[in-house]
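Enquirer: Spelled out, the chains give:
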Amino acid sequence: MAGMTADSPRQVGANEMAGDAFLRVAHLGKSYRRRGSSDGTEVAVLQDVSLEAKAGEFVTVIGPSGCGKSTLLTCIAGLTEVGDGTIEVDGAAVSGPGPDRAVVFQHASLLPWRTIERNVGYGLELRRDLSRGEIRSRVARMLELVGLGEFAGHYPHEISGGMKQRANLARALVVEPKLVLMDEPFGALDAITKETLQDELAALAGRMRRTTVFITHDIEEAVFLGDKVVVMSPLPGRVAAELPVPFPRPRRREVTAEPEFAALVQRLRGLIQTAIPASQSGEER
Amino acid sequence: MSMQTSEIRERHRARLPVFRPTRWSRTRRVAGPRQELSRPTRIAFGVSGVVLILALWQIAASAGLLDPLVASSPSKIFTAARRLISEDILGPAILSTAKLFGVGFGVSLVSGLAIGAALGWYPRLAAVLDPWVSILYAVPRIALLPIISVWVGIGFEAQVIVVWLVAVFPIVINTQSGISTVDRDHLQVARGFLATDWQVLRTVAIPGATPAIVSGIRQGLMQGLIGVVLAEYFFGNTGIGGLIFSAGTTLETATAFVGAFIFAAAALLFSVALKAIERRLERWRG
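Heads up: the sequence lines are chains A and B, in that order. Its first residue numbered 1, the first sequence is counted upward by one per residue in my numbering. Its first residue numbered 1, the second sequence is counted upward by one per residue in my numbering.
Because the hints were derived from the structure by calculation, they are not lab data. Keep in mind the model is a prediction, meaning the values are calculated, not measured. For each residue, glycine too, the CB sits at the ideal point set by N, CA and C. Among these hints, one or two may not hold up.
Reference listing, derived: stretches of chain B covered by chain A, where coverage requires no fewer than 3 residues with Cβ under 8 Å from a Cβ of chain A [unchecked claim]:
no. : segment
1   : 107–120
2   : 198–212
Selected chain B positions facing chain A (in silico; Cβ < 7 Å) [unchecked claim]:
no. : residue
3   : Leu-194
4   : Ala-195
5   : Trp-284
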């Protein structure tokens, strides 16, 4: 395991939590009732998960499938009830969905009967505190930002998967959340579209400086986008390690060619390998 | 591999046209092996089919191949229609039937949408009422006609109840199933944006249920027409239904056909109108 040499990833404990964290997840635990069990046996999905993000920080969370990454995200979003532990955003405990957080799901989940423009404005519309004109102009600005300006009037079935994911991103960002939560948003895209969107997100994130938690199972993506990478281990999901990424943001694609980048990716790969129990390691490549 | 590239590859293998995903939908239907007809062409073919059958009917009748008492003929039906109009029978009959249908179907539509939405939205309510809906839907509702006449007599009210009894169920059932099957992902998006229950219903459940609701309304309209005829046969012999019924008993086949054609025309009209509404509502499907 890690923790042997000076520059090895530090083990995170709640006692180390600094006071300037914007997002603070402490000792989070979550288990589900086993399906079909009458005796109430439970599966632990998350166990003693602690992590934090400073304001404006881009935290990527990586781990093999089944490590509870998505559950962690929906807990922070307030869409899943927390078992043990606490989640605080900007000093306030999370007890449900809030206007301070917005989620970008893996599936774009655009409403098929709404045009792209009206899909992106959906969150603003539900708030009912903005005029139609204000919504329109904010949405128009956001669509330009994600490169969908020309497609405002299209229906979701008329655009590509990558574009849908841009609209998904725009829908979350346009409500100006303090915390953006992304659940493998590029996971279902082809490699080329994925890289393009990563580049654009890197540029966008650099410009907007929103605190972001980004879930992924793609190691290079985690390093390319994150200020720090949190490695999770499965069954139950725990934080195995946390690594800072030294490259300044915003980053460009060239950074991936640097030896340091490759070394970091290599190290993370090793950490993930050790995090997977032997019985499972055949499943992940 | 992305879905698009694999789909494109499959299309190549199947020698189907490849749609690039940017401007065109990936789910767009591909033309079949036979050419698709344009709308005007289809309509022209449909109309000429009807004209052809009417012409054959007339020729067969004029040539004495058909028993005039049983089969009548287009010209006799036309004459009967003119007589009914000049004797001021047809107009009031149509009005009476239209009123019954309007009131009966109107009540069915409003109550059916409300009941269906409530059942689809509140699972506990549905659990209580589902057996009743199933029983009432399964009973041949003609069997209830004598009971209705015991309760409310044989007047307009009884007729409206008959129309309602047959028209409301398809609307209830389709609306319920449409509303209750909300897409989970869409629901999560709405909840993430703090949507209230009412907002979820308005922005996710109802739009998602629209195809099911429209299909319920279509079935309700057709069932409603049957209900009107049924009500008019059994209760008071009024309107077009009554006209057909009494013409039948006095062997005035041509007059009966006039009534039947009026119902056929109404059914066709509803069908066309609904198609147009459907097309407008479902532009997003492409």
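Enquirer: Check each numbered hint against the structure and report the violated ones by number, ascending.
Expert: Checked against the structure, the only hint that fails is number 1, while the rest are satisfied.
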